[in-house]
Amino acid sequence: MMRENTISTEYRDASDSNPDAMYNPRLDRRRFIGKIFAVFCACVTGIGVAVLAALLYRIFDEGWIYISTNFLTKFPSMLMPETSGVKSALYGTLWLVSITAIVSIPVGIGAAIYLEEFAPKNRLSRFIHTNIANLAGVPSIVYGILGLAMFVRWSNLGRSVLAGSLTLSLLILPVIIIASREALLGVPKTIRLAAFALGATRWQTVRAHVVPAALPGIITGIILALSRAIGEAAPLVMIGALSYVAFVPDGPMDEFMALPIQIYTWCDQPDPIFQHLAAAAIIVLLAVLLSMNAVAVALRAWQQRKSPW
Amino acid sequence: MVGLITDPTRRQNVNTAKEETNREDMNTAEMHACCDTPKSAPPILTVQNLSIYYGQHPAVKNVTMNIPPQCVTAIIGPSGCGKSTLLRSMNRMNDFIPGVRVEGSIQFNNKNIFSSKTDPVALRRSIGMVFQKPNPFPKSIYKNVAWGAAINGYKGDMNHLVETSLKQAAIWDEVKDKLHQSALALSGGQQQRLCIARAIALQPGILLMDEPCSALDPIATARIEDLIDELKSRYTVILVTHNMQQAARTSDFTAFMYMGELIELDDTNILFTKPSNQRTQDYITGRFG
Ligand SMILES: Nc1ncnc2c1ncn2[C@@H]1O[C@H](COP(=O)(O)OP(=O)(O)OP(=O)(O)O)[C@@H](O)[C@H]1O
Ligand SMILES: [Mg+2]
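Residue numbers (the numbering used here), protein chains in the order written: chain A, 14 to 322; chain B, 3 to 291.
If you're looking for bench data, these hints aren't it; they were derived computationally from the structure.
This structure is a prediction, so every number in the text was calculated from the model and none was measured.
Some hints could be false.
Said to hold, decoys possible - A few chain B positions that, by computed beta-carbon distances, are all more than 12 Å from chain A:
#  : residue
1  : P44
2  : N64
3  : R90
4  : M95
5  : V104
6  : P138
7  : G150
8  : N154
9  : Q170
10 : W174
11 : D175
12 : L267
13 : I272
14 : Q283
Said to hold, decoys possible - Derived coverage of chain A by chain B (criterion: at least 3 residues anywhere in the stretch with Cβ under 8 Å from a Cβ of chain B; other residues may be distant):
#  : segment
15 : 199-211
16 : 215-222
C-beta: ideal position from N, C-alpha, C; glycine also.
Just chain A, same shape as in the assembly (with noise of 0.2 Å):
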């Protein structure tokens, strides 16, 4: 009581005649110190920024001058490397990510709205959510020699660009599953309360307001997923793609080769000419993977226009 006392009346001493005296801001010192702080992140995003521009100047400087519609319409050539194109990669790569999108995206989300939604909470939903978190760690490979056991050999796809996607699908599951879960776990609890109170079913709530609002987050994640199976070589070169084709694959049963299978080969032999097909190889990849984007966006937006309600 008595301190109490002694510290109001000191206080009120003080601020009677100059508030001011009170305080110690050190408004120079918190100035600088914020100062610091931003040009830190400046800095740091200038690393990254910088590390990807030099990766594309290099690979833009090497393999501009390949890109052109023969390029992309001729087969690859040992012999004759400067009339090489890509044609039997870009259609493999094309055809394996259809069919892994297709595969993975409604699996995935499936899996994830079950998870996040419906199932109960319990030990066995939370046991299944760890393992699949460990599961998006586990490395590439693995999941080829998983392809080459179950798909190629045991399913006896061949080494079809189905049992390459259906690898791919099982790699990047864990990824868009994690993704999705956590884009749903974000949208406010009292959305979906809202729905309920209107007499809204559980499907309804989730197909009308929760997975809308989730969708970019789900939207990303699933680009994550594809961009990480469009550049994975080492599952398919372990299910046995071929690295060296003058066809392209008619259909899902047929043998393929990929993208990153070529640039790799590519890379690997001595003659530079290579190096800088190599280099225009990525540049088609990137294309690849940028356009994936851009629909992606455009299904994003389309989706928020089409429901009258």
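Position chain B with the ligands relative to chain A; hints supplied.
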């Protein structure tokens, strides 16, 4: 009379004049002192020996009460006394809280809403809810109002329903030029009235409101109170509030809860002037709570 008693939830379309005639007829019956409902009208909700537990903790203890139709019933009481818990149980929104256990019953349309035969989805179409914090969907104003009716298979003219609902919620004039803009761009009070419009677009028999004005300024509050007053010609309103003036102003009946128990339920005028229980007296005169 017929419209009132046969099925209070499926009342005729909002804009038919039938309602008015019904209400004229009723003048011959003996009325409650406060609202135009005959005393003989059976309660729309009958709560019997209701106890609600969160784990082991009883939040509502052995509550028995009747909610008369087409009246405003206010629930008051100190914080934590179980008002929200009681209100949420009336349309089974407690289902979404893990670890809730319910004993006793609430009769609605001669059915216990807790029985396994009652479909909570259908129940919530008849017993709407407005939350304490406005929670519009992150969509357009129009979609916010239309969605509930759409999923429940509304057959009439949707544009018309949206307009009448927004008008009833006293927000039409403010939003009629931006129906297709995001509801999140509205002010808090406007969002709350939008949520009310959304709830009444389903033409529920009962509207549950949990402190609907707690986030609002006095002007918006006054508008919502007027709105509640208008709503009771068509709906039964159950209103949880901390504001005793609000309970006195807007409600026909007031229930006082304390530590999970229903202490007293009476005509609002009587409860606020001559309460029969000492604790009610203490609470409304501000001696505790
Ligand atoms: N989700 C929950 N889990 C566990 N206990 C809860 C939960 N919600 C409420 N309770 C407990 O139940 C009791 C009643 O809570 P309730 O929310 O119904 O009170 P209230 O009367 O609405 O209070 P307020 O006026 O502050 O909103 C309180 O003791 C509270 O601690
Ligand atoms: Mg409450």
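Flag every earlier hint the structure violates by its number, smallest first.
3, 4, 6, 7 and 8
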